[in-house]
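*Asks:* Given next are the chains, with one letter for each unit.
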Amino acid sequence: MHELSIVQNIIGIVTMEAEKSGAKRVAEVHLEIGQLSGVEYDLIEFALKNLSQGSVIESAEINIDKPEGSARCNECGNVFALKDFIGSCNKCSSFDLEIIKGRELRVKSITID
Amino acid sequence: MCETCGCGLPGEKAVIRVPGEEIIDKEDDLHDHEHDHSHPHSHDHGSDHHDHTDVARKIVTIETNILMANNLIAERNRGMFEAKNLTVLNLMSSPGSGKTTLLEKTINELKDNMKFSVIEGDQQTMNDAERIKATGVPVVQVNTGNGCHLDAEMINRAIKRLALQDGSFVMIENVGNLVCPSLFDLGEACRVVIMSVTEGEDKPVKYPNMFRSANLCILNKTDLLPYLDYDVTKAIEYGYQVNPRLQFIKLSAKSGEGMEEWYQWLKNVVG
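Protein chains in written order, with our numbering: chain A, 1 to 113; chain B, 1001 to 1271.
Keep in mind that the hints are not guaranteed to be accurate.
[Claimed, not checked] Ranges between beta-carbon positions, derived for each pair:
| no. | chain 1 | residue 1 | chain 2 | residue 2 | range |
| --- | --- | --- | --- | --- | --- |
| 1 | B | A1163 | A | K66 | 46 to 52 Å |
| 2 | A | R103 | B | M1080 | 23 to 29 Å |
| 3 | A | C92 | B | P1095 | 37 to 43 Å |
[Unchecked claim] The list that follows gives simulated cross-link-like pairs (lysine-lysine, PhoX-like), each with its CA atoms no further than 25 Å apart:
| no. | chain 1 | residue 1 | chain 2 | residue 2 |
| --- | --- | --- | --- | --- |
| 4 | A | K101 | A | K91 |
| 5 | A | K20 | B | K1058 |
| 6 | B | K1058 | A | K24 |
[As the list claims (entries may be wrong)] Pulled a few chain B residues facing chain A out of the computed Cβ check, cut under 10 Å:
| no. | residue |
| --- | --- |
| 7 | A1056 |
| 8 | I1059 |
| 9 | E1063 |
| 10 | G1147 |
| 11 | H1149 |
| 12 | N1243 |
If you are wondering where the hints come from, they were derived from the structure by calculation, not from laboratory data.
Small disclaimer: the values here were computed from a predicted structure and weren't measured.
The C-beta atom is built at its ideal place from N, Cα and C for all residues, glycine as well.
Could you build all of it, start to finish, from the sequences and the hints given here?
*Replies:* Structure, rendered in structure tokens:
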């Protein structure tokens, strides 16, 4: 359940930024968690619900961008959508892929009152 | 942090101990976790009541990696390892793949010519640290409690408990788990994933994050192959599917078969 650590980090980052801005409450947290990041969205939401109590994001609306994976083939340069790590190039069938999207784990922004 | 309820910060709860000593890591947050999960609190808004609709909402751009705190400490660790000329390996696998046996054998056979220190990661017990202690090299145990992985902060604290000699290997035996440890950079030079032939051949495609991030895959317990239906070629093929640059070494830490290749790999890592 590394999602608990992830959420603890999210709360830490948001709390620090809210303090810097002098905000007591955060209305919205905008996250970007890619589909190939190795994180389960359900577990993130579960952990956020449970860990945010008493924090600045207790009543915040959580919005998560979930970028789909995409890869560049190191053999032929083809760029294509990648659903999971086990895919191969849809042109040349090579497994030598560089993941260029989908591994995001980022706090993008917060909205404060 | 407490992985059950989330109290405390990552790294605060892990207990770091040297075999034969009482708990000496006094900076550790060894607070009692016997609280209920309601986290009750009441705060007084005082006279500061204001109408929220009157205040303009403001968007603050952050664009920060969620794992930034861990990654920063990992880079500090890396800098310290470089300065002391340490070669640090992060050994990961599912429970029971033979990580500790591999370490015992390796240390016993190479310790006359190479220097080793070990950080053992487990949820509970000093068992693995005691086994390593018997080889005579410095060892420290990190007990993560309910935690499912080691993080950079735990390594930063644990490393200070080791009487490190410049130019030595530091072997970090991560918590037995093929999922969570893969996301947490510890500052290591290389990642080694160990899989044993008593597991399924498809471990690499079942846990692609782990195998994708590894530099070397050790296929352990090959002495058992005559008794199993395990298809080594298939396992290696699955490994290449998620990571075409993954190196493989087949060995048996028990019989010693294939260990020379692993020792050579270790010597090459130092360069």
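*Asks:* Please list, smallest to largest, the hint numbers that this structure does not respect.
*Replies:* Structure breaks no hint.
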